[in-house]
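Work the whole structure out from these sequences, hints included.
Here is how the chains run, residue by residue.
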Amino acid sequence: MDLSLHPHWAVWCIVVPLLASGLAVLVPRWGKTVGVVGALLTLLAVGGATLHLLAHGPQRIEIGGWGAPLGIQLQLTGPALMMLWMTALVSVPITLYACDYFVTRSQQLRFWPLWLLLWATMNMLYLSADLFNLYITLELISLVAVVLVALAGPKAIRAAIRYLLMNLLGSLCFLLAVALMYGAYGMLDIKMLAEQVEATPLTGLALALMSIGLLLKSALFPLHIWLPPAHAGAPAPVSAVLSALVVKASFYLMLLLWLTLYSSLVTHGLTTLIGVLGIGAILWGSVQALRAARLKQLVAYSTVAQLGYIGLAITLIDVAAWQPVLTFMIAHACAKGAMFLAAGNFQRAAGHDRMALISTALRALPVSVFAFALAGVSLIGLPPSGGFLAKWLLLSAALDSGRWLIALALVGSGLLTALYIFRVLERAMRPGANLQPVGRVSPLMEWSAFGLGLLAILLGFAGVGITQIVAEWPV
Amino acid sequence: MSTVAIYLLTGGLLFVIGLHGLIVRRSLLRKILALNIMDSGVFMVLLSLAARSDPPDPVPQAMVLTGIVVAVSATALALVLLVIAPSRYTDEHDPNA
Amino acid sequence: MKTIVNLVSVVVLLWLAVLAWALWHIPLTDSGLQTLALAELPNSGVEHAVTAVLLNYRAYDTLLEVVVLLAAVLGARAAGWPVALPLNADRGPLLPGVASVLLPLLLLSAVYLLWLGKHEAGGSFQSGALLGAAGILALLSAQPGDWPVRAWTVRVGLVIGFSIFLLVGVLVIPFSGTFLAYPFGTATELILLIEIVLAFSIGLALLLLFAGQGSVIDPP
Numbered sequence: 001m002d003l004s005l006h007p008h009w010a011v012w013c014i015v016v017p018l019l020a021s022g023l024a025v026l027v028p029r030w031g032k033t034v035g036v037v038g039a040l041l042t043l044l045a046v047g048g049a050t051l052h053l054l055a056h057g058p059q060r061i062e063i064g065g066w067g068a069p070l071g072i073q074l075q076l077t078g079p080a081l082m083m084l085w086m087t088a089l090v091s092v093p094i095t096l097y098a099c100d101y102f103v104t105r106s107q108q109l110r111f112w113p114l115w116l117l118l119w120a121t122m123n124m125l126y127l128s129a130d131l132f133n134l135y136i137t138l139e140l141i142s143l144v145a146v147v148l149v150a151l152a153g154p155k156a157i158r159a160a161i162r163y164l165l166m167n168l169l170g171s172l173c174f175l176l177a178v179a180l181m182y183g184a185y186g187m188l189d190i191k192m193l194a195e196q197v198e199a200t201p202l203t204g205l206a207l208a209l210m211s212i213g214l215l216l217k218s219a220l221f222p223l224h225i226w227l228p229p230a231h232a233g234a235p236a237p238v239s240a241v242l243s244a245l246v247v248k249a250s251f252y253l254m255l256l257l258w259l260t261l262y263s264s265l266v267t268h269g270l271t272t273l274i275g276v277l278g279i280g281a282i283l284w285g286s287v288q289a290l291r292a293a294r295l296k297q298l299v300a301y302s303t304v305a306q307l308g309y310i311g312l313a314i315t316l317i318d319v320a321a322w323q324p325v326l327t328f329m330i331a332h333a334c335a336k337g338a339m340f341l342a343a344g345n346f347q348r349a350a351g352h353d354r355m356a357l358i359s360t361a362l363r364a365l366p367v368s369v370f371a372f373a374l375a376g377v378s379l380i381g382l383p384p385s386g387g388f389l390a391k392w393l394l395l396s397a398a399l400d401s402g403r404w405l406i407a408l409a410l411v412g413s414g415l416l417t418a419l420y421i422f423r424v425l426e427r428a429m430r431p432g433a434n435l436q437p438v439g440r441v442s443p444l445m446e447w448s449a450f451g452l453g454l455l456a457i458l459l460g461f462a463g464v465g466i467t468q469i470v471a472e473w474p475v
Numbered sequence: 476m477s478t479v480a481i482y483l484l485t486g487g488l489l490f491v492i493g494l495h496g497l498i499v500r501r502s503l504l505r506k507i508l509a510l511n512i513m514d515s516g517v518f519m520v521l522l523s524l525a526a527r528s529d530p531p532d533p534v535p536q537a538m539v540l541t542g543i544v545v546a547v548s549a550t551a552l553a554l555v556l557l558v559i560a561p562s563r564y565t566d567e568h569d570p571n572a
Numbered sequence: 573m574k575t576i577v578n579l580v581s582v583v584v585l586l587w588l589a590v591l592a593w594a595l596w597h598i599p600l601t602d603s604g605l606q607t608l609a610l611a612e613l614p615n616s617g618v619e620h621a622v623t624a625v626l627l628n629y630r631a632y633d634t635l636l637e638v639v640v641l642l643a644a645v646l647g648a649r650a651a652g653w654p655v656a657l658p659l660n661a662d663r664g665p666l667l668p669g670v671a672s673v674l675l676p677l678l679l680l681s682a683v684y685l686l687w688l689g690k691h692e693a694g695g696s697f698q699s700g701a702l703l704g705a706a707g708i709l710a711l712l713s714a715q716p717g718d719w720p721v722r723a724w725t726v727r728v729g730l731v732i733g734f735s736i737f738l739l740v741g742v743l744v745i746p747f748s749g750t751f752l753a754y755p756f757g758t759a760t761e762l763i764l765l766i767e768i769v770l771a772f773s774i775g776l777a778l779l780l781l782f783a784g785q786g787s788v789i790d791p792p
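Listed in order, the protein sequences are those of chains A, B and C. Residue numbers for the first sequence follow this note's numbering, so the first one is 1 and each next one is one higher. Residue numbers for the second sequence follow this note's numbering, so the first one is 476 and each next one is one higher. Residue numbers for the third sequence follow this note's numbering, so the first one is 573 and each next one is one higher.
Since the hints were derived computationally from the structure, they do not count as laboratory data. Just so you know, these numbers come straight off a predicted model, no measurement behind them. Glycine included, C-beta positions come from ideal geometry on N, C-alpha and C. Where hints are given, some of them may not hold.
As the list claims (entries may be wrong) - Label-pair restraints from in silico Cβ distances:
hint: 1; chain 1: A; residue 1: Q196; chain 2: C; residue 2: L743; range: 33 to 39 Å
hint: 2; chain 1: C; residue 1: G749; chain 2: A; residue 2: V411; range: 48 to 54 Å
hint: 3; chain 1: A; residue 1: T267; chain 2: C; residue 2: T601; range: 40 to 46 Å
hint: 4; chain 1: C; residue 1: H597; chain 2: A; residue 2: G439; range: 58 to 64 Å
hint: 5; chain 1: A; residue 1: A293; chain 2: B; residue 2: R500; range: 29 to 35 Å
Written out as structure tokens, the structure is:
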């Protein structure tokens with residue numbers, strides 16, 4: 001009997017939030033406690049997985065002991081670990097925030113099991129190395145995310161249905177591609193498939209189907225139409241999770257498949273197409289953010305724009321692979337999480353989030369404004385933030401490979417971001433009457449938003465560690 | 476042309492019919508049904524892949540069983556949301572609805 | 573509008589052509605994982621290959637699939653799926669009569685299908701589907717107040733399937749060294765245990781997706 005825990009940390013990253021979710025269903029009264037303890041234990045598991053990776057290098061866990069190709073494998077790699085950290089870093093403050101955000105018992109009862117389930121599911125996706133298993137995790141993420149959107153009440157249900165249909169279509173494209181891959185190669189394990197994949201038309205169609213499906217889920221322009229209503233309409237902690245984490249899970253998966261499975265098929269033309277879509281996303285998202293009449297809409301359109309950067313980054317995967325994309329994703333996750341939490345505070349205090357009347361709420365909540373500003377610094381890409389580091393990595397990769405146009409787009413779009421960030425911050429400076437608060441914003445809600453904003457800045461200093469881990473233990 | 480090939484192509488056809496319905500139909504209920512037809516198309520492809528050998532390959536068959544449960548769950552959730560959405564809307568305007 | 577529909581049709585037809593052409597190129601002689609799956613069958617603890625895939629080789633998929641079902645139920649509940657189905661007080665004589673004949677048969681078939689999974693087509697999902705149908709029939713033919721079920725029993729029933737599955741998966745780690753790897757010689761028993769709790773939870777989940785939680789529990 002071997003009772004040592006260390007080889008199984010990756011499994012605990014999945015099992016802990018899943019069990020906590022079950023417990024939250026079973027004993028609704030304990031929801032908040034289970035949520036906070038579950039979040040901390042999951043963080044601990046991610047820490048354990050980090051130590052394991054640092055000590056022993058990448059790990060493949062044969063679930064059920066069958067090994068590939070018959071069984072399902074988990075793989076703990078540098079990029080997977082970064083995604084686990086991104087999720088944990090954003091999720092812990094969101095968990096604390098949600099403790100005070102959901103006031104009524106019935107809201108608490110609904111939120112906690114689903115929230116822990118969503119976290120478990122995202123960890124499952126990052127760690128899975130099996131195509132069909134990845135399909136189930138994708139579907140699971142969609143279902144839970146849709147329900148969380150619907151928590152906002154009757155008005156959000158239409159947005160939730162549209163979100164669901166789009167996501168189901170994306171999953172189905174992915175599933176058909178999985179079937180084609182199984183038909184062509186007779187196996188599902190990514191690592192084994194990567195050694196066998198040839199550049200045939202059949203594989204090409206599978207690549208196309210998977211990419212379309214995942215791009216739908218990642219809401220890359222022009223497949224983004226479902227995102228703003230869903231992200232703007234959801235309750236604040238949910239908006240934060242959706243914008244910061246959920247859209248990135250499918251981007252991560254696309255990158256994983258492109259860089260391993262289909263590395264022989266991903267051509268310059270394909271990445272260029274994604275880059276062009278990325279530029280479109282940046283322009284369209286920024287303009288819509290500038291025009292948005294509501295604060296949460298503004299933040300949601302900012303997500304559309306920022307996802308465009310990931311598209312731009314994908315044009316550089318041939319020279320820079322994982323590092324800039326992952327750094328950008330983590331920096332954006334922290335910043336966008338902080339922004340939505342802060343926006344939730346303003347909305348709670350003012351009873352609405354209309355840009356025209358928001359300035360009283362901004363003046364009343366200086367800590368949240370500071371959190372919003374810190375997040376804004378990172379989104380714009382000013383030093384020393386995580387966003388700066390990510391853009392710097394992208395910029396140097398673009399310049400080293402002589403892609404001036406991409407470098408230009410990177411610099412220019414920073415200005416657009418600054419415009420819509422200042423559109424909010426400027427309203428905090430306006431003089432006017434004092435706020436008659438409609439709802440209570442607790443210190444915990446303010447400081448958890450602030451903590452995330454601070455993380456987005458501090459990442460600028462920790463980013464070197466990220467790039468090292470990813471470079472040393474690639475997929 | 477072997478039987479398996481016919482089933483494979485039929486699966487592809489079902490997928491595309493569903494896709495057409497999903498895009499063209501405006502009613503949400505029809506869209507959900509269209510997604511189910513697409514589901515059936517993929518399942519048919521998987522089952523014909525299983526039927527390439529004798530006895531059939533159990534892995535795609537198990538994938539279909541899993542896929543069915545996933546599809547049932549997603550469909551049920553979509554239908555629940557669909558049923559709830561209009562009734563809530565009407566409730567706001569008409570207390571007798 | 574008409575032109576858009578036509579445009580979509582053209583694009584979809586093009587898709588069909590590409591897809592058909594790709595499907596045409598799938599090798600029809602490849603047998604996938606069939607050889608391997610059948611070769612390992614004696615070590616899987618069951619005699620039916622599909623059950624072996626579902627509950628042993630790829631048990632993790634099945635675990636996730638139960639979680640999907642649970643997520644749908646939690647989702648329906650969170651979205652406010654009717655607290656109680658409007659039960660019809662005047663159902664006529666037919667429904668209770670049919671139910672009294674069909675219910676025992678359904679339950680018997682569910683148990684039989686569960687047992688059958690070991691060596692034939694069958695298992696927890698087929699059994700769970702029958703249990704769900706039985707539940708719906710019982711619910712439709714019941715009088716209001718016929719369902720004296722406590723809320724906590726419904727919660728236990730919902731999570732018991734996936735939590736027992738998950739706990740078995742974790743508790744075998746010290747013995748076999750891997751998540752969800754049944755120790756030598758215990759596979760048959762553990763699979764049977766998992767199938768029983770799964771069938772129960774799946775049946776309940778399907779019932780709740782049909783009726784909403786308030787229909788089966790006692791109003792407080």
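Hints versus structure:
1. Checked against the given bound of 33 to 39 Å, the beta carbons of Q196 (chain A) and L743 (chain C), roughly 36 Å apart, stay inside it.
2. Hint check: G749 (chain C) to V411 (chain A), Cβ distance near 53 Å, so the stated range 48 to 54 Å holds.
3. Taken as a hint, the range 40 to 46 Å is violated for the pair T267 (chain A) and T601 (chain C), whose Cβ atoms sit roughly 30 Å apart.
4. Between H597 (chain C) and G439 (chain A) the beta carbon distance is about 60 Å. The supplied range of 58 to 64 Å therefore holds.
5. Roughly 31 Å separates the CB atoms of A293 (chain A) and R500 (chain B), a value that falls within the hinted 29 to 35 Å.
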